[in-house]
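Q: Sequence:
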Amino acid sequence: MTLSRRSLLAGGLLSPIAAHLPAQAQQRGAAPTPLGQLGLDATQFGLRPGATDDQSQRLQAALGEAARRSAPLLLPPGRYRVSRVALPEGTRLIGVSEATRLVTADGGPVLTASNISRASLSGLVLDGLDIPSPQRSALLAADAVGEIAIAELAFANGGSVGLTLNRCGGRITASSFRKMRDAALFSLDSRGLTIEGNAVADCGNNGIQIWRSEAGDDRSILRGNRVERIRADAGGDGQNGNGISLYRAGGVIIEGNQLRDCAMTFIRNNSGSGVQILGNQGRRCGEAGLYSEFAFEGAIMANNLIEDCAQGANITNLDHGGRLAVFANNIVRNARKAVAPNGKGPVGGIGVHVEAEAAVTGNVIENASETGISLGWSWGMRNLAATGNIIRKTGIGISISLVPKERNALIANNLIAEARNGAVIGSEYGKPVTGDLTKAPDARAAGVRVENNAVS
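Each step along the sequence shown adds one to the number in the working numbering, with nothing skipped, and position 50 is 56.
In case anyone wonders, no lab produced these hints; they're calculated from the structure.
As the structure is a prediction and not an experimental result, all values here were calculated from the model.
Incorrect hints may appear among the rest.
Label-pair ranges, simulated between beta-carbon atoms [as the list claims (entries may be wrong)]:
| hint | residue 1 | residue 2 | range |
| --- | --- | --- | --- |
| 1 | H326 | T58 | 51 to 57 Å |
| 2 | I137 | Q63 | 18 to 24 Å |
| 3 | L284 | R450 | 21 to 27 Å |
| 4 | D149 | R455 | 35 to 41 Å |
| 5 | L416 | D149 | 47 to 53 Å |
| 6 | T58 | A150 | 33 to 39 Å |
| 7 | E457 | A205 | 23 to 29 Å |
| 8 | N389 | L284 | 21 to 27 Å |
| 9 | L284 | E424 | 52 to 58 Å |
| 10 | K350 | K437 | 18 to 24 Å |
Listed below are the simulated BS3-like cross-link pairs for lysine-lysine, each with C-alpha atoms no more than 27 Å apart in a straight line [unchecked claim]:
| hint | residue 1 | residue 2 |
| --- | --- | --- |
| 11 | K437 | K350 |
| 12 | K437 | K411 |
| 13 | K445 | K411 |
| 14 | K399 | K445 |
| 15 | K350 | K411 |
| 16 | K437 | K343 |
| 17 | K343 | K399 |
Every residue gets a Cβ at the ideal spot worked out from N, C-alpha and C, and that includes glycine.
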């Protein structure tokens, strides 16, 4: 059965359907497309808004018939109790944003998709009723979907995760994820996802997670998302409490996101190579605002604004092969040494820390309680440059590890003001061992060039 113009207007479904009109029918003066040709009315298959019984079988049948006809399925406003409804090939399921609500009938996933090439969903609320579920069980679980398109969906009250994507490509846009016991979105072995313009809030352990089974080229793009109030309920020393988390995922671009109030880190890259973290803004986190750690090669962090964290950025783990980085044109303010969630002692107080084959250039760092720029730790110091930075109101302006027997570092053309414990200091295991190297050279700092810095 098909919808009439009157039923569409009465049900408030005309707006989301307009997106599916042929372009020529939307042009001024073009003959209108009969609305009955735009999709199937799910209520004609027995679905009843507000019914208290489980309507999974009815929705499954309606989706199957719509897919058979290559037509969208139009779901009117109301509350529908469903669970484990499998999306068939070519699904186009359309509801009314914030008004069409699919509620779990048994605590399990609301919708699933597996081994299909294409599916599209818009204008739905998926509600898990905050019923606890197994780890990484999701309100919408997709596996091996070539192209999944999700727009204007609201994921709410998830017993674990809002959306899981395993071996999927596609786009997740203009959607919201709120009150998840674990994480908003978990992707494993992406085939190239775009995650753009979404809102994530009040998650128990992580916001958006992009992981791979083995290190490789993930190619996901995360742009313009808002992530806030991410806790670390499961504890740990970094695997939880992150706004955006990468694990082994290379070739990822994280750009223009706004992050607030993350228990540990705004953006954390563990073992992902060729990752770009560009133009993001973060305020208030318990550990380092930006993190690149373990076996990464090639990380660019540029044009970010990071405020009110224990540490601005940490680019570390040469001992695990972590190397090759650029930290440029960022603003870091108010890095204060503090105890991170589940931590045993105070950490941080550093604007940025780097270890190997890294350039730190053009940054403005203000109010770092311990050190503005930290170059190396222990023997992990190799081929480092700190040039053209402005560092103000710190303990030490720039510290450099002198533990390695062979050193190659350049500290030049920086402006350092109000560094109460010295502008440039050589250290061993975090302990100062030289005077201010901008005032006089020290034989212990052989291999470190300190020149043309303005100190006041």
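Q: Could you run down the list of hints and mark each one as holding or not?
A: Comparing the hints with the structure gives:
Checked against the hint of 51 to 57 Å, the pair H326 and T58 passes, with Cβ atoms roughly 55 Å apart. Against the hinted window of 18 to 24 Å, the Cβ-Cβ separation of I137 and Q63 comes to about 21 Å, which satisfies the hint. In this structure the hint that L284 and R450 lie 21 to 27 Å apart at CB is violated, the actual value being about 38 Å. With their beta carbons about 54 Å apart, D149 and R455 fall outside the hinted range of 35 to 41 Å.
A beta carbon spacing of about 50 Å between L416 and D149 agrees with the range 47 to 53 Å that was offered as a hint. Taking 33 to 39 Å as the suggested C-beta distance range, the pair T58 and A150 conforms, at roughly 34 Å. Here the CB-CB span from E457 to A205 is close to 48 Å, at odds with the stated 23 to 29 Å. For the pair N389 and L284, the supplied restraint of 21 to 27 Å holds, since their beta-carbon distance comes to about 23 Å.
At about 30 Å, the beta-carbon gap between L284 and E424 misses the expected band of 52 to 58 Å. The hinted window of 18 to 24 Å between K350 and K437 holds, with their beta carbons roughly 20 Å apart. Simply put, K437 and K350 have alpha-carbon atoms about 20 Å apart, close enough for the 27 Å limit, and the pair holds. A threshold of 27 Å between alpha carbons decides the hint, and for K437 with K411 the separation of about 17 Å falls inside it, so the pair holds.
Of the supplied pair hints, the one linking K445 and K411 holds, its CA atoms being roughly 23 Å apart against a limit of 27 Å. Proximity of K399 to K445 is assessed by CA-CA distance (about 19 Å); at most 27 Å being required, the pair is judged to hold. Pair hint K350 plus K411 does not hold up; C-alpha atoms about 32 Å apart against a cutoff of 27 Å. Of the supplied pair hints, the one linking K437 and K343 holds, its CA atoms being roughly 16 Å apart against a limit of 27 Å.
For the given pair, K343 sits about 14 Å from K399 by alpha-carbon distance, which is consistent with the 27 Å threshold.
Against the hints set out earlier in the document, violations occur for numbers 3, 4, 7, 9, 15.
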